[in-house]
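Chemist: So you can see what is in the structure, the chains are spelled out below.
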Amino acid sequence: GQSLEQPSEVTAVEGAIVQINCTYQTSGFYGLSWYQQHDGGAPTFLSYNALDGLEETGRFSSFLSRSDSYGYLLLQELQMKDSASYFCAVLNQGGKLIFGQGTELSVKP
Amino acid sequence: GAVVSQHPSRVICKSGTSVKIECRSLDFQATTMFWYRQFPKKSLMLMATSNEGSKATYEQGVEKDKFLINHASLTLSTLTVTSAHPEDSSFYICSARGGQKAYEQYFGPGTRLTVT
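Chains A and B, in that order, are what the protein sequence lines are. So in this note's numbering, spot 49 of the first sequence is number 49, and the numbers just go up one at a time. So in this note's numbering, spot 76 of the second sequence is number 76, and the numbers just go up one at a time.
Check before you lean on any hint, since a few could be wrong.
Said to hold, decoys possible - Label pairs and their computed distance ranges (CB to CB):
#1 B:Asp65 <-> A:Gly95: 23 to 33 Å
#2 B:Lys101 <-> A:Arg59: 31 to 41 Å
#3 A:Ser8 <-> B:Ser9: 26 to 36 Å
#4 A:Gln76 <-> B:Leu76: 35 to 45 Å
#5 A:Tyr70 <-> B:Gly99: 19 to 29 Å
#6 B:His7 <-> A:Thr44: 16 to 26 Å
#7 B:Ser73 <-> A:Tyr70: 36 to 46 Å
#8 B:Thr82 <-> A:Gln79: 37 to 47 Å
#9 A:Ser67 <-> B:Leu74: 36 to 46 Å
#10 B:Lys64 <-> A:His38: 43 to 53 Å
#11 A:Glu5 <-> B:Phe39: 11 to 21 Å
#12 A:Asn21 <-> B:Gly99: 35 to 45 Å
#13 B:Leu68 <-> A:Val13: 40 to 50 Å
Stated by the list, open to error - Keeping only pairs whose Cα atoms sit at most 25 Å apart, straight-line, the calculated DSS-like set for lysine-lysine is:
#14 B:Lys55 <-> B:Lys20
#15 A:Lys96 <-> B:Lys14
#16 A:Lys96 <-> B:Lys55
Since the hints were derived computationally from the structure, they do not count as laboratory data. Note that this is a predicted model, so its numbers are computed, not measured. Yeah, the Cβ is synthetic: ideal placement off N, Cα and C, and Gly gets one too.
Only chain A is shown next, with the shape it has when bound in the complex (with noise of 0.2 Å):
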């Protein structure tokens, strides 16, 4: 079976820098995504990784562990236009995307 974990909701304040974890039981792994969606809207992709490592984008990064099936979003300087859901998401060797639950993040002022 294919299962992924991420804690249901954060909370965090502006400026202030959050970690969303992800955890992955899947077969024929290639690598972890993550996608941010705002209410209503389309997921938009945040970044990728097939290595294990450190992935940075502007304010945000990306790490995966392979032998530990684990990865994390990193957000920092966090800004109110970041409160969405964040979702972690497999791609498996069937060219597919399995996504985790989502991580709905709350910033406040």
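Knowing the structure of chain A, use the given hints to seat chain B on it.
Modeler: Same frame as chain A, now just chain B:
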């Protein structure tokens, strides 16, 4: 670049009728398109994968006769919900992949279907 549109954005239909949702890649050719279903505050559940010119591959538990998928061209895929029932009410999202990078999927804005 890499824009995907969906039409309609919202649709309300009566129980027993059929509804067609279109997914278009506007500025690239999509060799593969995916259809997802999302319940409120929930994950995106993959329903099916469609490749241009061939039959769609459905995920386990998805009724292929109920959710008809056609991918007639490299820029258009359609999902038809046949004989819709209230339990089919959901947010349907498509994504398209055109490049060589398997992880590069571009998502449409979704279609909110309400069956009364």
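Chemist: If a hint holds in the structure, say so; if it doesn't, say that too.
Modeler: Status of the hints after comparison with the structure:
{"no.": "1", "hint": "B:Asp65 <-> A:Gly95: 23 to 33 Å", "in the structure": "25 Å, holds"}
{"no.": "2", "hint": "B:Lys101 <-> A:Arg59: 31 to 41 Å", "in the structure": "23 Å, violated"}
{"no.": "3", "hint": "A:Ser8 <-> B:Ser9: 26 to 36 Å", "in the structure": "27 Å, holds"}
{"no.": "4", "hint": "A:Gln76 <-> B:Leu76: 35 to 45 Å", "in the structure": "40 Å, holds"}
{"no.": "5", "hint": "A:Tyr70 <-> B:Gly99: 19 to 29 Å", "in the structure": "28 Å, holds"}
{"no.": "6", "hint": "B:His7 <-> A:Thr44: 16 to 26 Å", "in the structure": "20 Å, holds"}
{"no.": "7", "hint": "B:Ser73 <-> A:Tyr70: 36 to 46 Å", "in the structure": "41 Å, holds"}
{"no.": "8", "hint": "B:Thr82 <-> A:Gln79: 37 to 47 Å", "in the structure": "44 Å, holds"}
{"no.": "9", "hint": "A:Ser67 <-> B:Leu74: 36 to 46 Å", "in the structure": "39 Å, holds"}
{"no.": "10", "hint": "B:Lys64 <-> A:His38: 43 to 53 Å", "in the structure": "32 Å, violated"}
{"no.": "11", "hint": "A:Glu5 <-> B:Phe39: 11 to 21 Å", "in the structure": "18 Å, holds"}
{"no.": "12", "hint": "A:Asn21 <-> B:Gly99: 35 to 45 Å", "in the structure": "29 Å, violated"}
{"no.": "13", "hint": "B:Leu68 <-> A:Val13: 40 to 50 Å", "in the structure": "48 Å, holds"}
{"no.": "14", "hint": "B:Lys55 <-> B:Lys20", "in the structure": "17 Å, holds"}
{"no.": "15", "hint": "A:Lys96 <-> B:Lys14", "in the structure": "33 Å, violated"}
{"no.": "16", "hint": "A:Lys96 <-> B:Lys55", "in the structure": "16 Å, holds"}
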